[in-house]
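Peer 1: Below are the chains, spelled out letter by letter.
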Amino acid sequence: MAISSKSSKVSSPNVRIQDVPNVPTITGVTANIAAAGVDVAFTPAATGGRAAVYRAVSNPGSIQAISYGTSPVTVTGLTNNTSYTFTVQGETSTGATSGTGSASGAIIPTFGSMELISTQILSATASSVTFSAIPQGYKHLQLRIAYQQTTNDSDFILRFNGDSGTNYSRHSLESNSPSVVSGNLTSQTGIEVGYNYSASYFSTSSFAGHIIDILDYTNTSKNKALKSFYGIAYSSGGKVSLNSGLWVSTAAVTSFTLNANYYLGSSFVAGSRFSLYGVKA
Amino acid sequence: MAQAMTLISSQTLGSTASSVTFSSIPGTYRDLFLVVSGTISSGTGSFYLIFNGDMTNSYSTNVTIEGNGTTAASYLQGAWFGMWGPYGNTTAFGSSNSIHSINLMDYSATDKYKPVLMKSGNSANVAAVIAGRWASTAAITSLGVYATSSTFTAGSTFYLYGIVA
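First to last, the protein sequences are chains A and F.
Residue 116 in the numbering used here is what sits at position 116 of the first sequence, and the numbering runs on without skipping anything.
Residue 87 in the numbering used here is what sits at position 87 of the second sequence, and the numbering runs on without skipping anything.
Pulled out of the complex, with its shape left as it was, chain A reads as follows:
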């Protein structure tokens, strides 16, 4: 039986083979406050194919996230107080991958509803304390203070964003016992939120406690409100005070200053402590 052989020509389909991307280079890992995650920044490889997506993978946990062509990749769902490193790979639309290069440096996410922004502890007397470049990723701010001033019957004022115009008001409920009084101040050049006794009234070890909440501080459609809770006790007396304050401005709060020199030339004494926190929505 004869077997005939027949050759045929097969035309290849019009398939475009994509180049495999080379490994991107990780340039840093940073906390992303608003996303409660970690930003893994990278630089795409200068050679090789073009990646459609970049995929970051955590170690431990193999938690993954992607970005569509741009740096960074934001990885969420991480566990607080755990040390993570990350790798990044590029991927084409057909699934070809670059493989991974070196892992990033380690980062320990510690996200919570309330996070410390910064603390200032005075090493010498100071007439004012300023917090500037305040991060905008929170909903509210809380300022916690333990302080003393150098002058009897002195207080301090708070000004936002360096505004010294008459754009502030304050209402108060306070007592030094037995009287309970309420007052208001309008069209002020700052919010008067403290009223302290100096060391001459009591032991120099006595400090006042003060907690100030600044609400919705980044909202650009609202004037800015705060509430403060202040108290001090000494050997034969004391004072407790609740205040509400208003800054008539819709600007986002990016800085504020506590000015003790506003009244009677006072200053904050050494050892006074000012801690600023961000509170998430």
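If you are wondering where the hints come from, they were derived from the structure by calculation, not from laboratory data.
There could be a bad hint or two in this list.
With beta-carbon atoms standing in for the labels, derived distance ranges [stated by the list, open to error]:
no.	chain 1	residue 1	chain 2	residue 2	range
1	F	Ala154	A	Ser187	49 to 55 Å
2	F	Thr56	A	Thr250	51 to 57 Å
3	F	Asn52	A	Ile66	52 to 58 Å
4	A	Thr74	F	Thr70	50 to 56 Å
5	A	Gly61	F	Ser9	26 to 32 Å
6	A	Ser221	F	Val35	32 to 38 Å
7	A	Thr189	F	Thr56	44 to 50 Å
These numbers come from a predicted model, not from an experiment.
All residues carry an ideal CB built from backbone N, CA and C; glycine is no exception.
Since the structure of chain A is already known, use the hints to place chain F on it.
Peer 2: Frame of chain A, contents of chain F only:
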């Protein structure tokens, strides 16, 4: 960014107790924040705080503003062996479920007396704000909450948080 507030310990009473103590408090935070929610068995009861077991008259002074829905008043408590919570204005404080948030500022500082800020309210009739001081430069390592002439009822809760700075 560092997480600022961390739960150190909590206690929920399974039965009545005259006091609750948090001991071996770490000195690694800047402030303490104590939340008490519960009821005191005596209608006229309140509570007071004791630090490091110190029952000398070194809790001078605390100033209180209280309102009971009709009147507002202020009290001055002189040197005493504990820091008072709300007194109870014209009616008893402890008989209704109440909540108290207590800030202990710079509790581990050894160069300061310890300022205390407290807000209190109960479900029936009293709201109060209180400023107090423990006249000691010792770091606070234990904290006792004592019911006055009475007991905390079962189910009362006590949550102690640390705040870093």
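Peer 1: A separate judgement is required for each hint: does it hold in the structure or not?
Peer 2: Checked hints:
no.: 1; hint: F/Ala154 - A/Ser187: 49 to 55 Å; in the structure: 54 Å, holds
no.: 2; hint: F/Thr56 - A/Thr250: 51 to 57 Å; in the structure: 53 Å, holds
no.: 3; hint: F/Asn52 - A/Ile66: 52 to 58 Å; in the structure: 54 Å, holds
no.: 4; hint: A/Thr74 - F/Thr70: 50 to 56 Å; in the structure: 55 Å, holds
no.: 5; hint: A/Gly61 - F/Ser9: 26 to 32 Å; in the structure: 29 Å, holds
no.: 6; hint: A/Ser221 - F/Val35: 32 to 38 Å; in the structure: 33 Å, holds
no.: 7; hint: A/Thr189 - F/Thr56: 44 to 50 Å; in the structure: 45 Å, holds
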